[in-house]
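Chains V and Y are the protein sequences, given in the same order.
If you're matching positions, the first sequence starts at 0 in numbering that gives the first Met the number 0 and goes up one per residue.
If you're matching positions, the second sequence starts at 0 in numbering that gives the first Met the number 0 and goes up one per residue.
Simulated from the structure, these hints should not be mistaken for laboratory data.
No experiment lies behind these values; they were computed from the predicted model shown.
Every residue gets a Cβ at the ideal spot worked out from N, C-alpha and C, and that includes glycine.
Careful, some of the hints might be misleading.
[Unchecked claim] In silico BS3-like links for lysine-lysine, alpha-carbon gap of 27 Å or less:
#1 Lys104/V <-> Lys12/V
#2 Lys77/V <-> Lys63/V
#3 Lys205/Y <-> Lys12/V
#4 Lys116/Y <-> Lys104/V
#5 Lys16/Y <-> Lys210/V
#6 Lys12/V <-> Lys116/Y
#7 Lys205/Y <-> Lys312/Y
#8 Lys201/Y <-> Lys121/Y
#9 Lys261/V <-> Lys77/V
#10 Lys12/V <-> Lys121/Y
#11 Lys309/Y <-> Lys205/Y
#12 Lys63/V <-> Lys253/V
#13 Lys210/V <-> Lys308/Y
#14 Lys104/V <-> Lys308/Y
#15 Lys309/Y <-> Lys104/V
#16 Lys201/Y <-> Lys12/V
#17 Lys210/V <-> Lys21/Y
#18 Lys77/V <-> Lys210/V
#19 Lys253/V <-> Lys274/Y
[Said to hold, decoys possible] Facing chain V, according to a computed beta carbon distance under 7 Å, are these residues of chain Y, among others:
#20 Thr38
#21 Leu88
#22 Ser313
The primary structure of each chain is shown beneath.
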Amino acid sequence: MRNKKVTGIERLKVRYGRMFVLPWTIGLLLFFLVPLFSSIAYAFCNVSLVNDKMLSFVGFEHFKYLINDDPNFMDNIKDAVTSFVYSLPIIVALSLIFAIILNQKFRGRIFARAVFFLPVIIATGVVMQFVTGAALQEGAALSTSMGETESYSGIRFDELLINLGLPQSITELLSDYIARVFNLVWSCGIQILLFVAGLQSIPDQLYEVSKIEGATTWEEFWFVTFPMLGNVTFLVLVYTIVDLFTAFDNPIMKQAYDLISKNSVYDQSAAILWAYFVVVGAVGALILLAYNRILMKKWN
Amino acid sequence: MKGLTLKKNLKSNYEYKKVASKVAVSLFRYAMLIAVGFTVLSPLFQIISNSLKNQSDFMNTSVSWIPTTFFYQNYIDAFHVMDYLKTFLNTVSIMVLSAFLEVAACGVAAYGFARFKFPERKILYALLLITILVPVRMTFLAQYVNFRNFDFFGITSIIGDLIGKDLTINLINTPFTFYLPSIFGVGYQSGLFIMIYIQFLKGIPKELEEAAWIDGAGPIGTFVRIIVPSSSVAILTVTILSIIWHWNEYYLTALYFNENQPLAVVLSGIMELIKLRGGDAINSHTGVAMASCMLFILPVLIMYLILQKKFIKSIDSVGIVG
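Just chain Y, with the same shape it has in the complex (with noise of 0.2 Å):
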């Protein structure tokens, strides 16, 4: 009798700790979840009701989260200096088309590296290990000067010289800064993104390639028809990371593009704009900014939480580090 009710205490003993560790974990997940919440969302939250506001907004200390009168005429100040539907155009007809190249072109080189054996397989992969380890902006300032005369394997500067004639390309102001290296996969994180796609193609089984090889499909047939259908998950990861990158990338435009600049290069010189479009007219300077700042984000905001499910389901299975 006495053995049973210590064995019943035993048990709840131990089914108590059990609980107790459970709700242990817990509530340090949450506390966790909480914190990174907040250090997350609030910068947002900030911009947001930053942008809502009018001067004397700002000048009321009283008034720290929620505006007095949501003061959108920021928004449309800020439509006004960014000039946003050009700089918009600008930026998705460089940037983003830039970044679908850049997918299309890694996946391409991907493929031969993940699959195929050839004698420089090891150098070339040694060599796109160094674009990863060696950032852009090491070597942006010579980009720069590449892009400013630029010269096809020299080839155009020999015909110049015959002809006589300067026949080097400036290609300084015009999206093909983005676009060449986007082509030939060495565009802007491509090191990056081959590497996902090839530890992605590592887990795909080779069955199905080699009965479209036996079926008399060539390479390309190959690629196209199975490769790419296959790694649709992959191919959305990239390219989200892609666009995304691209959207904020303002280092090299901001040097590439002295015109036709596109959104983030503009946001990043925001309050000169303002003052110099705007002036006194602006009700808020800061106001304004925060304004930009947001329809700078909105876009691609919008873009990750139609997507967010998807991309974080394809995080899943992408086994980015195999």
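Same shape as in the complex, but just chain V (with noise of 0.2 Å):
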């Protein structure tokens, strides 16, 4: 009597679920499982758009044309690649060092809250474009055929510190590697704010236990802290990964953007695309799976 109401109620429970998931699978089905593979479709046909959407399957062409022939994409696939590779360790490493530090309590400490997510607030976007001067660099493009002269680059690192007074080679040296360093930080915005969700989440006690058993505060970061974290950096792994690969001064996302909408070749494009997602793909796992079987492997 009574296990047949718990199957009555477990029955209940998964009609109840398909409930409340269905809406969700025909979003599913009808806005990204039918794009995604009309997108893979697109890589390996021929597409004209003019006598309502002819595809003809014409197999791996367009992405030997990329590997062979196209001139930029090599390239453009080896710089998205290498910046991919030194930005992520510093993205990581800078956002769990400015979550631990706005987890610690200090003077001001609000303030630097609210500081920190700005770029979570304005760097997402079109704003980045502003910040950085990309915006401004197009439109002076177009201006001096118009005669203006006004030149605006967003903040100007070399400036500052030839005013300071270092040499030249120095000064573009720096300069460069300010500039990078400045975009990392302005990308941190969401790993911060994860950082910071995942170290509210260490209880206290372990804290206590470490500082009784003598730890310094380096060991209790690196056999606390870190390993307590470890789902969270994995997460902020991935979201980081995501997140450069569609980096808006991304090369290849740029080329690939130009073909549509100034060539509107969409076969090219999607090719491009794929070919970029397997090879950022292989990479990003590959990070992934190091960082699960050397760290992961060491905490259990």
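Starting from two chains that each stand alone, build the complex the way the hints lay out.
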């Protein structure tokens, strides 16, 4: 009698679960899987939109062209992957450091947090072009023909350093480096947020124990904080990989987008995107796998 | 006697070290804070300062941060160039509304994932992860084609074939390009929001729901009366993020909207627009562009400043990652 009732409830729960997930599943089909598979199809077909979306299968033609004949593709992909590989660890490390700082108690903490999260508000889109000056450089190219001589390119680190009286060669090196770090700091917003949330979920008892055991702050970080953040770090890695993948200044994205907006070539740009996706996906998967193997195993 | 002073010395030495390390840590902390504060705030201040400069200030190399006159004409020009009121209303009616729809739909889906076990759960969950891993920019082209000849599971085209008319709907240039995915919980960044909700729901005790079940509340009743009120913190986090990301989105919007464009799209082409609508009548193109940028940021910035304390507190307690 009792068993029957339980299974009844279980069955009801199955039904309710499906009910709650059903709208999302429909949406998934219509607005995710359909475009996903058709964009994969584009990469392997010739697409002509003139006569009502004609697809004709060509196999790996587009990819062959990209690898053998396209003048920019291989360089772009090399640039994209290198910048990806060096940005990822820096972003993760920086945001962890910032999150730990923000998690401590000090004067002005609320103000500091408000400032640190500002990039979340404005860095995800078009404003970033104004911050780095990219939007105006494109505009400047247009306006020179109009005889306008205003020039502006975001923050001028080189000028700042020259004013400090440093020699030219060092200034160039430094300003390049600073400009990169600057971009990286601006892409840390969400990651800091994730880490702060993760730090909050570490129970205080662990720190009390480590204090009684006489651990230094450094040991505390390596044996308590970092392992406890294992899952968060993994999530941050995933998020950063996806985020870097679609970064606004990414040469590959630009190439693909230009193909569409200027020449309305759909198939080629789909091929570019998927080739890039596979490469970055492989690199990202390797990084995640290495992380899981080396660090997670050690802690478990 | 000797031993006592030694002890004292040792103790003071130890305390001295402790104080020193404390000072070092707080020095390092403030150094970092200042460095980051500078990187984050200086571009903002620069945008503000440039938005108030006129052309002669731009040409004058001795003027860097503080303009000689506060040239607020830039803002008036920007207001006209962007057609601000109309564009602002577009943004609210398309993007912000879509954000709210998304917040609600993601909550429903997340509740299904977090609390019920059903046979298809695992595969759907895997698909959810895939939606996070494959950025919209991978598929936006196909998405565009999909919206241009929108076809509800092929049903519309079958009926269309029967009647002999083309019934597929062109959704391009309509807000439905954002509403529809949001209503179904697969809108902009939805995967991430569903994950946030799921992680949050895992942390809520089930007793209340079970009590509601026993009291005879149905699944929808339980969801509305128990789950929604107790996840207000997560809802706030997701709402803010969703509004902000929708507000800033210009990649898809630029593709979907030729007319009635939201602010982000207008801003991304602001230099050309200034030339087109303002031309020589405008004193400083850069100044007006900067003023436009400020007009774009201002609404979200105000929202952020108002909700900032709650938002940051909610991040502490949402435990986004469980």
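Taking the hints in turn, this is what the structure says about them:
Taking the CA atoms of Lys104/V and Lys12/V, the gap is near 45 Å; set against the 27 Å cutoff, the hint is violated. Distance hint between Lys77/V and Lys63/V is fulfilled; the C-alpha atoms sit about 17 Å from each other, no more than 27 Å. Under the criterion of a C-alpha separation no larger than 27 Å, the hint pairing Lys205/Y with Lys12/V is consistent with the structure, at around 14 Å. With a C-alpha separation of about 42 Å, the suggested pair Lys116/Y and Lys104/V falls outside the 27 Å cut-off, and the hint is violated.
Restraint check for Lys16/Y and Lys210/V: satisfied, since their Cα atoms lie roughly 17 Å apart, inside the 27 Å limit. The hinted pair formed by Lys12/V and Lys116/Y meets the criterion: a straight-line CA distance of about 7 Å does not exceed 27 Å. Restraint check: the Cα-Cα separation between Lys205/Y and Lys312/Y comes to about 23 Å, which is no more than 27 Å; the hinted pair holds. Under the criterion of a C-alpha separation no larger than 27 Å, the hint pairing Lys201/Y with Lys121/Y is consistent with the structure, at around 16 Å.
Distance hint between Lys261/V and Lys77/V is fulfilled; the C-alpha atoms sit about 24 Å from each other, no more than 27 Å. Distance check on the hinted pair: Lys12/V and Lys121/Y sit about 16 Å apart at the alpha-carbon level, within 27 Å; holds. Our distance criterion of 27 Å between C-alpha atoms is met by Lys309/Y and Lys205/Y, whose separation comes to about 25 Å. At roughly 20 Å between alpha-carbon atoms, Lys63/V and Lys253/V fall within 27 Å of each other, so this suggested pair holds.
Our distance criterion of 27 Å between C-alpha atoms is broken by Lys210/V and Lys308/Y, whose separation comes to about 31 Å. Annotation: proposed proximity of Lys104/V to Lys308/Y holds, straight-line Cα distance about 16 Å (limit 27 Å). This hinted pair checks out: Lys309/Y and Lys104/V have alpha carbons roughly 18 Å apart, not beyond 27 Å. Note on Lys201/Y and Lys12/V: the hinted pairing holds, with a Cα-Cα distance of about 17 Å set against a maximum of 27 Å.
For the hint pairing Lys210/V with Lys21/Y, the CA-to-CA distance comes to about 15 Å; that is within 27 Å, so the pair holds. Distance restraint check for Lys77/V and Lys210/V: the Cα-Cα separation of roughly 47 Å exceeds the 27 Å cut-off, and the hinted pair is therefore not satisfied. About 24 Å separates the Cα atoms of Lys253/V and Lys274/Y, which keeps this hinted pair within 27 Å; it holds. Taken as an interface hint, Thr38/Y checks out: its beta carbon lies about 5 Å from the nearest beta carbon of chain V, inside 7 Å.
Annotation: interface hint on Leu88/Y violated; nearest CB of chain V at approximately 19 Å, more than 7 Å. Below 7 Å, beta-carbon pairs count as interface contacts, and Ser313/Y has none with chain V, the closest being about 9 Å; its hint is therefore violated.
Violation of the numbered hints given earlier is confined to hints 1, 4, 13, 18, 21 and 22; the remaining hints are satisfied by the structure.
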